[in-house]
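Peer 1: Residue numbers (our numbering), protein chains in the order written: chain A, 1 to 204; chain B, 1 to 502.
A hint or two may mislead.
Only part of the chain A face toward chain B is listed, based on derived beta-carbon distances under 10 Å [said to hold, decoys possible]:
| id | residue |
| --- | --- |
| 1 | M27 |
| 2 | A32 |
| 3 | L34 |
| 4 | L39 |
| 5 | A40 |
| 6 | D101 |
| 7 | S102 |
| 8 | T115 |
| 9 | T195 |
| 10 | V199 |
| 11 | Y201 |
To be clear, the hints were calculated from the coordinates, so they are not data collected in a lab. All values derive from a computational prediction rather than experimental measurement. Every residue gets a Cβ at the ideal spot worked out from N, C-alpha and C, and that includes glycine.
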Amino acid sequence: MSTSATALNSGPKIVMRRQALVLSGLMSAASAMLMGSMLAIWLQFRANAPLRESSDGSKMLRDWLPEKIKIPEVATNTMMMTIAITCIMVQWAIYSSRRADSKHTTLALGVALLTEIAVINAQIAVYMQMDIGVRDSSYTTMFYAVTATMTVLIVIGLGFTLMTMFRSLASRVSDHDLVIAHGVYWYSLAVIFATMWFVVYVQK
Amino acid sequence: MTAIDVNSAMTNSGTVSGTGLFNKISSWLLTTNYQRIGRLMVSVSVLWTLVVVVVGIVLGVERISSASELIDSTSATQLFSIFRVGLIFGSIAPMTLGIAAAIVPMQIGSQVLAFARAAAFGAYLWFFGMIVVGVSYVGNGGPGGGDPQMVDLFILGLGIVIAGLLLVSASIATTILTSRRAGMTLMDAPIFVWSSLVMTISLILTLPVMAGALIYVAVDHSYERATFGATDGVNAWIGWALTSPQIFLLAISTLGVLAQIVATMNKGKQPLRGGLFIGIGVMSTALIGTVTQSFYSLQLDGELNDVAKSLLPFLMFNALPMLGVLIVLGLCLLAMKNEKAKPSAAFVLAFFGVGMVFTGMLGNALLRITDLKLSNTVFDEAVLVYIGYGVVLGSFGAIAHFCPRIWGRKMPTMPVIGLGLLGVLGVVLAALPYYIAGFTNQPASRMTGDLGDNSQIWNSVAAIGQTIFLIFIFAFVGLVVKSSRSGEIADEEIFETVQANS
Numbered sequence: 001m002s003t004s005a006t007a008l009n010s011g012p013k014i015v016m017r018r019q020a021l022v023l024s025g026l027m028s029a030a031s032a033m034l035m036g037s038m039l040a041i042w043l044q045f046r047a048n049a050p051l052r053e054s055s056d057g058s059k060m061l062r063d064w065l066p067e068k069i070k071i072p073e074v075a076t077n078t079m080m081m082t083i084a085i086t087c088i089m090v091q092w093a094i095y096s097s098r099r100a101d102s103k104h105t106t107l108a109l110g111v112a113l114l115t116e117i118a119v120i121n122a123q124i125a126v127y128m129q130m131d132i133g134v135r136d137s138s139y140t141t142m143f144y145a146v147t148a149t150m151t152v153l154i155v156i157g158l159g160f161t162l163m164t165m166f167r168s169l170a171s172r173v174s175d176h177d178l179v180i181a182h183g184v185y186w187y188s189l190a191v192i193f194a195t196m197w198f199v200v201y202v203q204k
Numbered sequence: 001m002t003a004i005d006v007n008s009a010m011t012n013s014g015t016v017s018g019t020g021l022f023n024k025i026s027s028w029l030l031t032t033n034y035q036r037i038g039r040l041m042v043s044v045s046v047l048w049t050l051v052v053v054v055v056g057i058v059l060g061v062e063r064i065s066s067a068s069e070l071i072d073s074t075s076a077t078q079l080f081s082i083f084r085v086g087l088i089f090g091s092i093a094p095m096t097l098g099i100a101a102a103i104v105p106m107q108i109g110s111q112v113l114a115f116a117r118a119a120a121f122g123a124y125l126w127f128f129g130m131i132v133v134g135v136s137y138v139g140n141g142g143p144g145g146g147d148p149q150m151v152d153l154f155i156l157g158l159g160i161v162i163a164g165l166l167l168v169s170a171s172i173a174t175t176i177l178t179s180r181r182a183g184m185t186l187m188d189a190p191i192f193v194w195s196s197l198v199m200t201i202s203l204i205l206t207l208p209v210m211a212g213a214l215i216y217v218a219v220d221h222s223y224e225r226a227t228f229g230a231t232d233g234v235n236a237w238i239g240w241a242l243t244s245p246q247i248f249l250l251a252i253s254t255l256g257v258l259a260q261i262v263a264t265m266n267k268g269k270q271p272l273r274g275g276l277f278i279g280i281g282v283m284s285t286a287l288i289g290t291v292t293q294s295f296y297s298l299q300l301d302g303e304l305n306d307v308a309k310s311l312l313p314f315l316m317f318n319a320l321p322m323l324g325v326l327i328v329l330g331l332c333l334l335a336m337k338n339e340k341a342k343p344s345a346a347f348v349l350a351f352f353g354v355g356m357v358f359t360g361m362l363g364n365a366l367l368r369i370t371d372l373k374l375s376n377t378v379f380d381e382a383v384l385v386y387i388g389y390g391v392v393l394g395s396f397g398a399i400a401h402f403c404p405r406i407w408g409r410k411m412p413t414m415p416v417i418g419l420g421l422l423g424v425l426g427v428v429l430a431a432l433p434y435y436i437a438g439f440t441n442q443p444a445s446r447m448t449g450d451l452g453d454n455s456q457i458w459n460s461v462a463a464i465g466q467t468i469f470l471i472f473i474f475a476f477v478g479l480v481v482k483s484s485r486s487g488e489i490a491d492e493e494i495f496e497t498v499q500a501n502s
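Only chain B is shown next, with the shape it has when bound in the complex (with noise of 0.2 Å):
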């Protein structure tokens, strides 16, 4: 038996039967073309970034001064809830997915996404999932909430949302085990289409840990509110999902964009191919933390003993996603050094979001130390803003590198380059003061009180910084839809579907 539905190669290509309007919106809404569907979920997960990078904005500029009013100081839990759940599961979770599922088909051959029916019902459930957390903040729900049903709405929200994300992820990664095209063998496979497999398997293991521990929360919300901490219990509980190790995770397919631009520039030539697989893979071993629900700190004071005990899974956990990046990266810097790499535009975005990913890796490292006292810190923050924003940044180098193949128009490359160095600019200075400002012992997640040293100076720095990042996304977009309707048309030489080894 095959699963593959027939009857979607119609659909695939864009063909429908009646005219209007209707039947346009039908088609997308109906549809199971993977494409359509992979960019209804970027479209959508951009909006959500918007929101968050705003939510940014104002904590920043509510956090210069202490006495600043702009916001209720009991919502301060809710905002700063609202920054890393919709940064997470509202932004860079689906882009990725997203990018993975109108690429992947495309580049092993395959005319179909597996199962494209359960994908495009869950990049449904995904995002009526993210408005009813939505709805539920607005209600004053969400961790911390003041009205307890809205709380209720909330993890029933981020569970629809976790339902919608593995649906989407097995499909993906079914689509990607079975159907290749006949000869191509995973190790064949163009690198992106490995650390989609990668990521979507993580993902599939880790996200049901998540559920898991919602569900006890849900019951005892609903019910005794007293086991798991009622309303605080949420972030006591399924906090570790949103930090890192976890978006270590989705930031995996950042990697394998950067590896298929760099592949792409030296016409399929990588040498140490395999090297790539493996720095992709060593970078899920993040996965084997993350399900374990804890964080691994590193203590240097006491006996010797004591030190080696927390310095093993410090690394394991801490340090050896690291180490997976930089294997990744030096790779690519040594396929640069081929002098007939042609030049590409999507390269700065993809690299510097995956140099801002590992930035914020080191912080984290940094974080788990226990003797800096980091922890409970706005370094927590500026960890998360690393991690986040550079995987946005390598999700717009994808879709700038991927462009030609989706509406076979490119984009320019002197306003990518320049947009792709203004978010830099913006990830900079959003989250480094928030690493400074972490040593002067501004405390995380709250606006009222003693900020610590200079916290105005770190705070103006970092609202500058978002509103950098909220500029550059919305240029980012307005390029891509003027490059889709009047960019140059693509030359298919440079693209290739099967990266030939060196």
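Excised from the complex, chain A in its bound form (with noise of 0.2 Å):
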């Protein structure tokens, strides 16, 4: 007699629902269009500005920055410097929840809340060492603005890091998805700080 028996035919596959992702990824491309449109803007205000001579008198420059603003160059280097490692212990955060490991999990997320604290009290300094006022001139005006929304969106991306970490701190190892959506957010916006660094810190 045979002890064998047949096994059920097994259920239809499970379709993939990755919503955190496609939600952050949609809100990611959301963010860059609106820091894309403000330095796009920023870019004409800049092209358009009136040619004046320099301190020495050498050459034509574009009066745009004005002349007693200095930018605190190691603080903006500091900040992007910052958002890179950010990065890196997000994915220290996915490579751990891959793996379902709560703790380093919670770990990486935890360091990575700290360095983007460390982003927002950089930007603070920034602002105390320009020493400038919203009204004094266009490119004034403009700074804290395109510089403030960028802050906005880093404490949005800080929101989510709390989030997140949370979670994996109440152990939910099913949350990986969530954890590579809550990476996806910080890449783009590391990638659109870079571009914002580069224009309004570097190229000034």
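The task is to assemble the complex, starting from two chains supplied on their own in separate frames and drawing on the hints.
Peer 2: Here it is, written out as structure tokens:
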């Protein structure tokens, strides 16, 4: 007598529903369009600025960045590097989450949270070191508008990190998609910030 | 992880604990049911449409005589602005998104809208944002307003509206991309679903561009009031978002409604279905013109090289979207040749809605030919009316078509057809006179001074057209309410959720 039993057919394959990832992608695209439009207007204003002689009289410059304003390059470059470190931490969180390692996921997200706070701290330091008023000139008005918008996007990212970290703390190992979605948002934020950093802080 | 809200399954069934008016109201206000979110948006957007049409009547009557003092001439800029902002952000954007929110999950076999609470929050943001916009206009704000604080309030309100519409768009797009039932690819999805996806993604890519300009204007207006032109700068920097080609994007789902109705009339058979997808996709090319925040005009005078230089972007951003509409219209008419096609009253509304949109797009192409000298005339207003009211007609067609799926009852055929024709008459009379008046140089956004030849006739006819459209809206809403309560019970067989390839 046979002891084997015929196994039932498996059910239909469950469709992957990566909603958080898709939403994060859409929001990243929206953020890129937002900052892209602001930087485009910035570049247009800079290109249309009148010409003036440089302080030594050797060449003509666009009269865009007022002479008395000095960009604190150490702080701005530190911001860029800190954002890059955040991306590494975010990737660490994804790596740990894939292995259902809740402890390391939480740790990585915690470090990412600290670096994100550091970015905001550096932005405040930039404002304090520059010590300019919003209404001083066209440049200052637009400078505050574009950098403050970027800071708001970073604060939203910080909130996203906080939420992902709390879920990880609660050992929700099934949240791998959320960790990836968080990563997508931060990678896109890093690209957006790098563009803004180059246009506003490097090219000035 | 899945973000489908399991709790909303309870509210989807309409089950709420407790009884009484308070529970009924709270179940609506705190709903995550996609149909309720959609219906809330459509209902409020219809109210805004009524406001806009009344403003249109006032503007028409005021311009019959340049000596008329029905309203203060200093309020002209604000009234024209209310008409534009109200029609785009109060009426057609939420109406099309509301219909998509109410219908799309059902068509793709999803029980819920992805991130339903975010969508509900977005709907409320839009709702309160529009109230803030309305209050700012009443308090002498808005573009060209005399009270700076109220102008600030207008900018804030518009920002809130954009945020709300973005959230709703993201929720609908995510639902379509992630929550289709097993085995349903995007190519299998109903054509209305595809048009909703194209429209929502177009909005996700263009609304932030407007938000970026708005942030600059807001900071400038709050502090410096010089760089971006203070109060007048509001229109100068966000004006592109209140005209074509941005409004083309809001008309994309109107094409989907028409194609969906035709497919239903043919029991799901649609020749060259892929062509419909392409046509709708082609219309979305308008977003490339939109994100550049510029208008692309055709200059016919000058050297051949100069003409060629202006011709390419002109065709790309003004004519290409028209090609998309033509493809969809052509394929729908081809499908109608099927002798077994079952006529539908909603077809009249949707077909003429798309027709009005196409007429508006044609007018936009003429508007951008600099030698015709139509810019800064009422021709631009006619383009807006054709497209905006065309979208309203198409959306009402969607309501007539999908109502059996929402409240299980049909709308009567002959009254819907009759009202549809009345609506078309209203749109044509409201817009066509301004096409003609544009050629007689009636200036845009002005109510006094020289208004051009025969302006009395054109403005009178336009005011009559607006009045007819107002009557059409009231009558249609009345018919919807009546049908939802005592209409004929729907026959489910005529609806399909998945289109069969022909």
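Peer 1: Per the CB criterion, is Y201/A less than 10 Å away from chain B?
Peer 2: Violated. Min distance 18 Å.
Peer 1: Given L39/A as an interface hint, is the shortest Cβ-Cβ distance to chain B below 10 Å?
Peer 2: holds (9 Å)
Peer 1: Would you check whether M27/A satisfies its interface hint, that is, whether its CB is within less than 10 Å of any CB in chain B?
Peer 2: Hint holds; M27/A Cβ to chain B Cβ min 7 Å, cut 10 Å.
Peer 1: May I ask you to test the interface hint for L34/A with respect to chain B, counting a Cβ-Cβ separation under 10 Å as satisfied?
Peer 2: holds (4 Å)
Peer 1: Min Cβ distance, D101/A to chain B: is it shorter than 10 Å?
Peer 2: Violated. Min distance 16 Å.
Peer 1: So, as I understand it, the hint says V199/A touches chain B; can you test that by seeing if any CB pair is closer than 10 Å?
Peer 2: violated (14 Å)
Peer 1: Given A32/A as an interface hint, is its Cβ closer than 10 Å to any Cβ of chain B?
Peer 2: Since chain B brings a Cβ to about 8 Å from A32/A, closer than 10 Å, the hint holds.
Peer 1: Classify the hint on T115/A as holds or violated, based on whether any CB of chain B lies nearer than 10 Å to its CB.
Peer 2: violated (24 Å)
Peer 1: Take the shortest C-beta to C-beta distance between T195/A and chain B; is it under 10 Å?
Peer 2: violated (13 Å)
Peer 1: Can S102/A be said to touch chain B, with a Cβ gap under 10 Å?
Peer 2: It is violated, given that the least Cβ distance between S102/A and chain B is near 14 Å, above 10 Å.
Peer 1: Under the criterion of a CB-CB separation shorter than 10 Å, is A40/A in contact with chain B as hinted?
Peer 2: With a minimum Cβ separation of about 8 Å from chain B (threshold 10 Å), the hint on A40/A holds.
Against the hints set out earlier in the document, violations occur for numbers 6, 7, 8, 9, 10 and 11.
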